[in-house]
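Undergrad: Those protein sequence lines, which keep their order, are chains A and B.
Position 131 of the first sequence, counted from 1, bears residue number 130 in numbering that gives the first Met the number 0, the numbering being contiguous throughout.
Position 233 of the second sequence, counted from 1, bears residue number 232 in numbering that gives the first Met the number 0, the numbering being contiguous throughout.
Just to be clear, a hint being listed does not mean it is correct.
Unchecked claim - Partner residues are not named here, just some residues of chain A that face chain B (Cβ under 7 Å, in silico): (1) N71; (2) R104; (3) Y109; (4) L112; (5) A113; (6) L118; (7) Q157.
Quick caveat, the hints were computed from the structure, so don't treat them as lab data.
The beta-carbon is built from N, C-alpha and C at its ideal position, and this holds for glycine as well.
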Amino acid sequence: MTVRARLRRATAGAAALGALGALASAGDAYACATCGCGDPTLTALGVEKPYQNRVRASIEGRYRTDRIGAPNVDEINLHEQRIDVQGAWAPHERVFLLLTVPIMRREVSYVNLARKLTLGLGDVELRAKVFLYQDTSEMPRHLISAIGGVKFPTAPLQRDDTGKLLPIELQPGTGSVDPILGLSYAYFPRPWSAYASVQAFFPTKGTEGFRASAALRSTVAVQYQVTTWFAPRLAIDTRLDGKALEDGASSRDSSGFIGFLSPEVLVSPMTDLMLYASVRIPILQALNGYHREGAIYTVGAAVDF
Amino acid sequence: MGLTATGLACSDATLDSGLSVTVVVDAPLTPARTGHEVTFTTDLGVVVHLTTAYLSSESAELLPCASAGASLSTTLKTLFAIPSAYAHSTGSPTRLGTPVVEDLLRTTGSSPLGTMAPPPAKYCTLRYSVGAADDDAVGLPTDGSMMGKSLHLEGDYALTAGSASAPLTVDSTEAFDRDLTFDALDLSAAGAHIATIAVDKAMEHWFDGIDFTTTTDDARSRAVLSHVRDSLTVSRR
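Here chain B stands alone, though its shape is the one from the complex (with noise of 0.2 Å):
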């Protein structure tokens, strides 16, 4: 219990700290980075490159179990939670809905989405969105490379092993969701009061069955951005 005066006979208290779940994205899991770069082989054998990555995190909303055990009105409720968790703030109790952009060539560590306080349910589900980064995007780059997009990446890529480089940009401005599903997490009074959820990524098969001498720029984009959704999974910590 935390315990502050702020001023004569005022003081105030927490007395319970309630559910609550934060979520985070991880640095990729694949492949290895060296520095602040990477190298991967497609399935086709084009050796890319990267030295900018970055992917935007729009939302990330917690859904409850579809199960008989759910009752249809927690069901409802939650699923259209009205935002605004408490009266000053954004999003609500089951969202998350500040904007992160997410640097993909860091080599460890996690990047907070933010913390939930839900109410009690049995949840299943994330709803993970990837968006165009606005202005208000919590780490968006400085140079403007994020401004309006979803996906940005620069490097190079050689057709074959040893063939020469070209440059290589990836851009796209295009959203998706994605439900990622985890082992039932209780939260109850006598359940898990505080739970961690994080969102992981593999990044060595987001240019897989990209035939870099046909495809524009569009497509490959559009092709990149699947894999990337693709490639996403969750895990409870």
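Chain A on its own, in the form it takes in the complex (with noise of 0.2 Å):
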């Protein structure tokens, strides 16, 4: 087996997990500007450590649904659709990049029921990963990296017709500059694998007053490479939030912990191309104030190149 064909493999593995990490990426709702799970890099950069100017498109859809609010009172329910855009580009072999592009379409539902669309670009995001240790120079069974990364608010502030800035909740990007940082661990005992991180995320101040909140993410995964080109994936997601603040003042229906199960399969039909398609299940909500999210549905392709 060449490099490279352990590369895919190893790839396709961890892509599985990606798929459940990529639905964290950038431009999440306003709403919940950090809701979400997972490691956003497994899809596009694999937990393998790269060669030198290893390429990688991706492109994934995502939908979720998020309730906040108290029911007939001050409830919003969001549908939200997305799909990233990823490239992903290794300068060195220890380096490896991730460019993530999103658009959203969000429809939100108020409690007197209105109904609200907003369509557009988030907020674009760059990480990087660094692998700082592994056991073996060829095929090592142990790798850890470190993740760094900033969220920048591209999404537009979107108006109404008469210039007022549209709530928060439909507003597809924070309007802040978020950096990231994480740790992440992968094991390699083949046909099995594992992979374990955890990324904090810490918010600036947005748009009108408005800041995410803080959130704490981890991921831990295994995967069973069935055969070459099929591998299936479990992985348990969760999230820590801190307190939001809307208009300055803490936000009531923020913080709070939530976790996910997250089954998830991979095929690879054809050299150097992976499909994968998961969801991820909301199976532990310990939400502050009214917060009910939904499962997350994705699916998702990556071309090497």
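Two chains, two frames, some hints: make the complex.
TA: Right under this line is the structure:
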């Protein structure tokens, strides 16, 4: 098996996790700016160490729902579809860069039966994964990496016909520059593999006194490579949120903990092409205030060049 | 459906405007004003002439019908609606909380208290509140005459028609609520989507029963405010 083939195989496994992780990429809801879970580096970067100048492109579609606010009082019901276009490049064998450009469609229903829709560019995100440790130079069983990134306020502010800013829950971005820091560990007892990561989000002040929740996300996943072209994966993703600020005040329906059980399948029908699908099921919701998140559905494709 | 473009590949649209109720306070129905003043005679024969008159509306809240048709949970949720209809606003879907100072001597027109975005329900009552105006009140006179007051009247009075007049000032800082009922308003996907509720009042009986020779200023203010409260009516448009 060539190095590249081994990489693809490892990537195929990692991609399943990645599909889960990618759910958490940039530009999530203003209504819940840090909603989502997982490690978005996995699909586009994989867990294995890259070779220099490796290039990968991927596209991912995602659907999720979110209910925030007191029922029949001030609840909003969000339906969000997004497409993430991602490009990855390794300028060095220890460094893998990932650029994510989201396009978002958000439909919000209000308690008075009003429904509003926004469509547009979300917040672009740039991440880097730096490989810090591997136990052997060939076919390592243990890999430790650092993850760093920044989410940029590229989503335009959305206004109504009169020029007034739309409600924050309709805005496709947070309007803030948000640093991201994390660590990941990958273990390869082939044909099994395992992955764990933790990432912290540090949102800065955004639009109109809004500041998204600081968040700590974790992912723990195991995957079994059934064949060279098929791998199922099961992950647990968690998110611990701090308080968000709205109009400079603490937001009632923010902060808390949520955990997802995330089954996923990964298929590689031909060389250098990977398809994946996952569902992230919220199995533990201890979110504060009035806040319920629905399942998150993801499909995607990635191509190596 | 409104659609605006705010940038490359970005747009927003209103798919459904939803349910809304606008509350207005009408200019007093009676008596007729001449220019920016009004004259009327009380039941005791006192001729009252007002040249300045302001009333401060503090809030207006929509209450569901207390019939068997309204579920207990809906009623409770609406009654105890948490302020903040949307995260960035004050008030609630069924309550307008922005104070508005109304010029009672305007001859025509309605002063909007605001527009609510209530949940579907049958509504029968508007809880209208008068209270002291603060510096955020909409329409607050710039001369400071209404700051911290719920009612302010200025003018003069004559004990009998043709007798000598004396200056008159009525100030109150007190507040009151009044539940004003109207024909059931069925707000639902299948029912009404938009409604306007108007708060009306008549001025000519506001000084009825007041003996101007013996009543103290405080007692007179309380009596007038009580008459203001009693004169309120509500109608749907």
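Undergrad: Against this structure, judge whether each hint is valid.
TA: Hints and how they fare:
no.	hint	in the structure
1	N71	5 Å, holds
2	R104	10 Å, violated
3	Y109	6 Å, holds
4	L112	4 Å, holds
5	A113	3 Å, holds
6	L118	5 Å, holds
7	Q157	5 Å, holds
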